[in-house]
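Residue numbers (the working numbering), protein chains in the order written: chain A, 0 to 508; chain B, 38 to 137; chain C, 7 to 660.
For the record, the hints were derived by calculation from the structure and aren't laboratory data.
Be aware that one or more of the hints could be misleading.
Claimed, not checked - Okay, the calculated beta carbon distance ranges per label pair:
1) 283(A) with 524(C): 53 to 59 Å
2) 35(A) with 135(B): 47 to 53 Å
3) 614(C) with 176(A): 26 to 32 Å
4) 490(C) with 456(A): 42 to 48 Å
5) 625(C) with 364(A): 41 to 47 Å
6) 109(B) with 1(A): 55 to 61 Å
7) 90(B) with 653(C): 18 to 24 Å
8) 1(A) with 220(C): 41 to 47 Å
9) 380(A) with 490(C): 42 to 48 Å
10) 50(B) with 627(C): 37 to 43 Å
11) 614(C) with 216(A): 28 to 34 Å
12) 135(B) with 625(C): 19 to 25 Å
These figures come from a predicted structure and were not determined experimentally.
Every residue, glycine too, gets a C-beta built ideally from N, C-alpha and C.
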Amino acid sequence: MFPYLSLILWLPALGALALLATPREQHQTARSIALAVSLLTFVISLALPLRFNAADPSMQFVEQVAWIPQWGISYHLGLDGLSLWLVVLTTFLIPIALFATWNSIHAQVRYFQILMLLLETAMIGVFIALDTILFYLFWEFTLIPMAFMIGIWGSGNRIYAARKFFLYTFAGSVLMLMGIIGLSFLHRDATGAELTSFSLTQIMGDIRTGAFALEFGMEQLLFGLFFIAFAIKVPMWPFHTWLPDAHVQAPTAGSVILAGVLLKLGTYGLIRFNLSLFPNASEWAAPAIGILAVIGIIYGAWIAFAQTDMKKLVAYSSVSHMGFIVLGIFALNEIGITGAVLQMVNHGLSTGALFLIVGYIYERRHTREMSEFGGLWTVMPIYGGLALVMVLSSVGLPGLNGFIGEFAIMQGAFISPALGWGYVAVSVIGVVLAAVYLLRMYRETFMGEVNKPENAELKDLSGGEIGMMVALLVPIVVIGLFPTLFFAPMQASISEVAQAFRSVVAEGQ
Amino acid sequence: MVETSYYILLSASLFTLGILGVLVRRNAIVVFMSVELMLNAANLAFVAFARQQGNIDGQVLVFFVITVAAAEVAVGLALLVTIFRNKQTADVDAISQLHG
Amino acid sequence: MLDLIWLIPLLPFIGFLINTLYTGRIADVHTRERTAGYVAVGAVGAAFIVALLAFVQLGQLPEEARLHQVVLWTWLATGSLNVPFGLMLDPLAGVMMLLVTGVGTLIHIYSIGYMHGDKRVARYFAYLNLFITMMLLLVMGNNLLLLFLGWEGVGLCSFLLIGYWYEKRSASGAAVKAFVVNRIGDAAILLAMMAIFFYFGTLNFFTTTVNGIEYPGFIEETSRIAGVTVGIPGQTFLIGTIISLLLLIGVTGKSAQLPLFVWLPDAMAGPTPVSALIHAATMVTAGVYLIARTHAIFTPTTLAIVTWVGALTAIIAATAAIAQWDIKRVLAYSTVSQLGFMVAAAGMGIYVAAIFHLLTHGVFKALLFLGSGSVIHGTHETQDMRRMGGLREHMPTTFWTYLIGALSLAGIVPLAGFWSKDEIIAHAWKHQGDAGYILPVFFILVLSSAMTAFYMGRQMALVFWGKQRDHHYHPHESPSVMTIPLVILAGLTVLAGALNLPGSHWLTDWLHPVMREEAAQFSIGVAVFATLLAAGSGYLGWWLYAVKFANKITVDGKDPLYHWTGDIWDSMAAAWYFDALYNSTIVPAYRRVAGFFAAVFDPQGIDGIVNGVGRLFGRASNGARTLQNGFVRTYALAFFLGVVVIIGYLITAL
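Hey, can you work out the whole structure from these sequences and the hints?
Okay, structure coming up:
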């Protein structure tokens with residue numbers, strides 16, 4: 000078995016090492032190497048969906064090497080339907096983000112590329128790690144490059160934002176570490192094994208077979224420890240306030256990755272840990288979490304409407320969209336969870352694209368205030384057209400990707416006995432509000448007359464910029480029209496997760 | 038043969054003197070000497086117990102302590118000299134850069 | 007041929023792609039304009055021909071077999087959810103599809119003349135083609151989700167075309183308003199879809215076979231929810247009522263009914279052919295189509311509400327239409343009013359009559375809008391009727407065709423509008439005993455149709471009679487590329503009544519497999535009464551403005567009737583202040599709360615707590631910091647005390 004996962008995981012890190020050896024002054028070399036490495040990683044990662052066996056619900060491409068055998072910690076990688084598209088999304092967005100910085104990052108170029116590649120390794124690691132300690136290491140390691148990216152290449156109040164980002168998410172993850180350790184010790188005691196095991200597959204398997212049954216109070220506690228870590232990362236209302244700060248200060252590429260992949264670590268964790276390990280507590284907590292999710296949907300959309308800074312608007316829209324994803328996850332059925340996983344990919348694509356769109360205009364005008372613009376569609380027709388498609392994708396127009404995810408999520412929540420139609424009836428308002436704030440932004444910036452002389456001479460997108468947009472546009476349309484291509488590989492793994500809740504779901508129908 | 042308890046009493050007195058010296062005196066040299074006093078109080082206790090028990094482990098340990106103390110004196114005095122050169126004083130309270 | 011029905015929406019989509027990706031890049035302005043027009047017309051024309059062939063083939067099938075489905079691929083499949091991307095052709099979809107492609111082709115041709123010289127014409131035609139695609143998906147989708155794709159897709163095209171001249175602030179505002187108001191209705195449809203899936207386990211209209219597996223259709227299985235209720239104890243609702251009410255909300259959005267009709271008058275900011283195609287003939291009728299398609303779900307409770315919504319919309323919009331000066335706004339409110347007729351008809355359970363009126367209205371309202379476009383074109387972008395007058399002599403073709411359209415709308419025998427409207431009114435009269443609300447609805451509808459005749463008489467008089475009141479322009483007849491579609495539509499307006507004449511009732515028979523309705527009974531009494539009333543009020547409207555007040559109408563002046571009606575006239579002109587109400591309550595409240603969240607609650611409330619926790623730790627560590635005073639002897643004391651404590655513990659513990 001060829002070690003695809005290790006290759007994809009470590010190739011970017013190796014690229015980062017290679018970059019250390021390049022001369023500090025040769026910016027172009029650094030950019031080219033980083034882009035080449037990330038593109039190569041992407042191409043290799045395409046082998047994953049091609050060689051993936053959709054019928055098999057268990058982990059595939061598994062690699063396991065003992066690491067600290069005394070404690071039962073191993074280097075254990077694997078991929079299932081849940082993580083497949085998220086890995087591909089990561090390898091897909093990194094080259095785009097790197098390419099987006101080609102002309103916008105001029106200081107310490109080499110270090111930026113190094114951090115980006117390290118971040119890629121860390122993020123992929125989170126998605127494919129099957130050992131909880133390994134997962135934790137990658138999880139924490141994603142913080143460092145991102146915090147530096149915000150702190151060094153950010154704008155304005157960047158130190159504050161970087162520190163807040165780091166401390167806030169770190170505080171959550173420490174709780175998760177407690178949960179990880181506690182889980183393994185409880186597992187050792189329950190199964191009577193000699194050694195602790197940090198293998199996620201083993202613990203999960205024992206929970207599913209009933210060999211490892213948690214006391215309900217303990218299950219609630221562990222659920223809570225993991226949940227807080229993930230909820231901060233998602234971010235769920237009311238843990239969301241680090242997000243607008245981080246986004247506004249981060250450089251464009253950082254925002255793309257932050258919204259595109261980093262937030263998904265949280266929702267991925269919710270499914271991988273909370274739902275799979277603590278089914279009873281998940282059912283217990285689902286109504287309350289559903290309420291938080293719905294509040295997030297409405298609140299994020301509402302507050303986005305009042306923003307004047309385009310980037311902040313998109314950042315708050317993420318709060319709203321991520322609320323949908325959490326709602327789908329805690330529908331606790333196949334339709335909802337599948338929709339949520341697809342929506343993670345969708346959000347990565349559309350919001351990534353929106354951040355790029357804001358980035359393009361920021362590079363040209365060095366402002367993101369909507370009042371500074373108007374009539375951009377006339378000056379930059381290609382830009383206007385592409386921006387409109389991305390806005391519509393984010394609004395959730397049928398035929399594009401966002402709708403598929405949102406519909407599956409809401410349908411899942413509607414038929415879910417844990418949530419039910421009341422949640423959907425409120426969250427559907429979020430669909431209306433999405434149109435309100437995004438079209439308002441589009442109207443203010445792209446429609447109307449060109450009333451500022453600075454805007455009259457703006458250059459339309461370059462070939463490279465169009466290329467990036469088209470690269471994002473293709474999956475957006477394909478998911479919108481042929482979502483089954485993406486759903487099919489997820490099915491087996493997700494129905495495995497939903498299995499634990501199936502008895503309850505069946506009663507509801 | 039003198040009772041072991043007398044040695045211990047002497048050792049304890051020396052140790053207390055040493056502690057008081059460290060805590061009360063401000064001159065670094067004196068503090069330093071007080072530390073030596075404490076070390077030697079411990080040495081005395083070691084030797085006394087070794088003799089009482091009739092094995093030499095305690096005496097061996099004393100040699101270690103003497104060696105380490107010698108090394109410590111060397112490093113400590115070197116530090117002191119450097120500090121005195123910079124500060125023109127051997128007052129330990131003057132060296133409080135590490136306060137929070 | 008029937009297996010090739012996917013060509014019908016695909017052809018205009020190809021036109022859209024060509025005009026988006028290729029035509030816009032042609033450097034030469036004239037070539038670009040010509041290519042865009044030809045591609046668009048060719049695409050829609052070809053779709054019309056395919057649609058016609060398919061329609062004929064459908065007609066050759068035995069009546070009960072007139073339902074053909076083509077599943078192109080599985081669109082969405084996860085868990086128990088399985089939605090095909092499938093098209094279907096049945097008698098109802100057939101007539102809708104012909105209306106869309108037929109009227110669509112004429113309006114495309116007309117647009118070549120109307121949009122001549124516009125700098126973004128490739129984009130215009132691309133939007134029009136996309137619209138046709140989406141509208142066809144809407145009427146041909148074999149499941150609710152695909153219908154919804156078309157439903158939102160036409161909303162998008164409407165947004166794009168209303169905002170076509172987006173430099174104008176009013177145009178972009180109207181575009182966003184149209185989209186958002188529609189979305190409110192769409193959200194309700196989303197909920198309805200989910201409820202349908204919940205209770206039926208399918209979104210297909212009819213049984214569909216995909217890859218050899220049969221998936222049921224919910225329309226055939228409405229018995230499954232018969233008598234099923236939800237609600238709190240003491241107050242339960244039939245599931246069917248809830249689902250159909252949600253669908254109704256969607257209909258009020260798309261078909262501009264109370265209380266969501268406010269976007270349609272503003273939508274007139276778009277180019278006039280767009281108003282004809284989207285905001286009169288096709289898109290706005292989608293709601294009526296939806297009710298007809300899913301009528302099996304509607305319960306008597308909902309149908310009563312549907313009837314009232316339709317009737318009230320009809321009268322409110324008719325009164326509003328009387329008091330407008332803008333030639334297009336008269337037609338816009340008239341459209342709202344006529345849609346009210348269709349919805350009321352659907353509410354009364356006469357779906358065939360609703361569809362009949364939908365079809366005839368599609369033809370003659372397209373004619374009227376294109377005629378008004380011709381007037382606007384010929385008077386150099388004048389829309390205010392006070393600045394017109396006497397155009398009869400300058401624009402003869404436009405005048406005659408417009409007259410036919412106006413008479414048809416007013417309901418004068420034997421034009422199409424008479425037959426379809428009469429069917430609705432006659433039904434209300436004949437079935438007044440069915441339910442208590444039918445009789446008042448009858449009177450409302452009769453009154454509305456009298457007003458319809460009145461405002462059309464007024465409009466004819468203001469535009470074509472009298473003397474030209476503003477001489478800043480020299481009126482001229484439009485080119486033949488614009489007048490030929492007018493003539494064709496006028497011809498159709500004369501003939502379209504034949505679709506469902508009393509006695510032949512072809513449409514009732516044709517739609518029988520879908521609607522299972524008996525032919526409507528013709529009432530000569532009602533017909534004579536309605537015709538006389540329409541002729542009388544139409545003449546009154548014409549006489550008042552062409553003869554009596556001919557000299558009192560001045561540029562920017564008040565309407566002569568204002569003298570007698572005063573504030574009522576203002577209320578009518580403002581469509582009874584619905585728009586103003588929303589703009590003064592919901593919109594500012596929404597803004598204010600958003601501002602509060604953004605400026606106070608989020609940064610100071612939620613983030614305040616977060617930063618507060620941070621500050622708390624900061625304070626605490628500030629306190630702890632002073633312990634580290636830097637004095638070696640303090641540390642030594644701490645060591646010493648520590649040793650004492652440890653030894654003390656060991657001694658006492660041992």
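Hint-by-hint comparison with the structure:
no., hint, verdict
1, 283(A) with 524(C): 53 to 59 Å, "57 Å, holds"
2, 35(A) with 135(B): 47 to 53 Å, "49 Å, holds"
3, 614(C) with 176(A): 26 to 32 Å, "28 Å, holds"
4, 490(C) with 456(A): 42 to 48 Å, "44 Å, holds"
5, 625(C) with 364(A): 41 to 47 Å, "42 Å, holds"
6, 109(B) with 1(A): 55 to 61 Å, "59 Å, holds"
7, 90(B) with 653(C): 18 to 24 Å, "21 Å, holds"
8, 1(A) with 220(C): 41 to 47 Å, "43 Å, holds"
9, 380(A) with 490(C): 42 to 48 Å, "33 Å, violated"
10, 50(B) with 627(C): 37 to 43 Å, "42 Å, holds"
11, 614(C) with 216(A): 28 to 34 Å, "33 Å, holds"
12, 135(B) with 625(C): 19 to 25 Å, "22 Å, holds"
Of the numbered hints stated above, the single one contradicted by the structure is hint 9.
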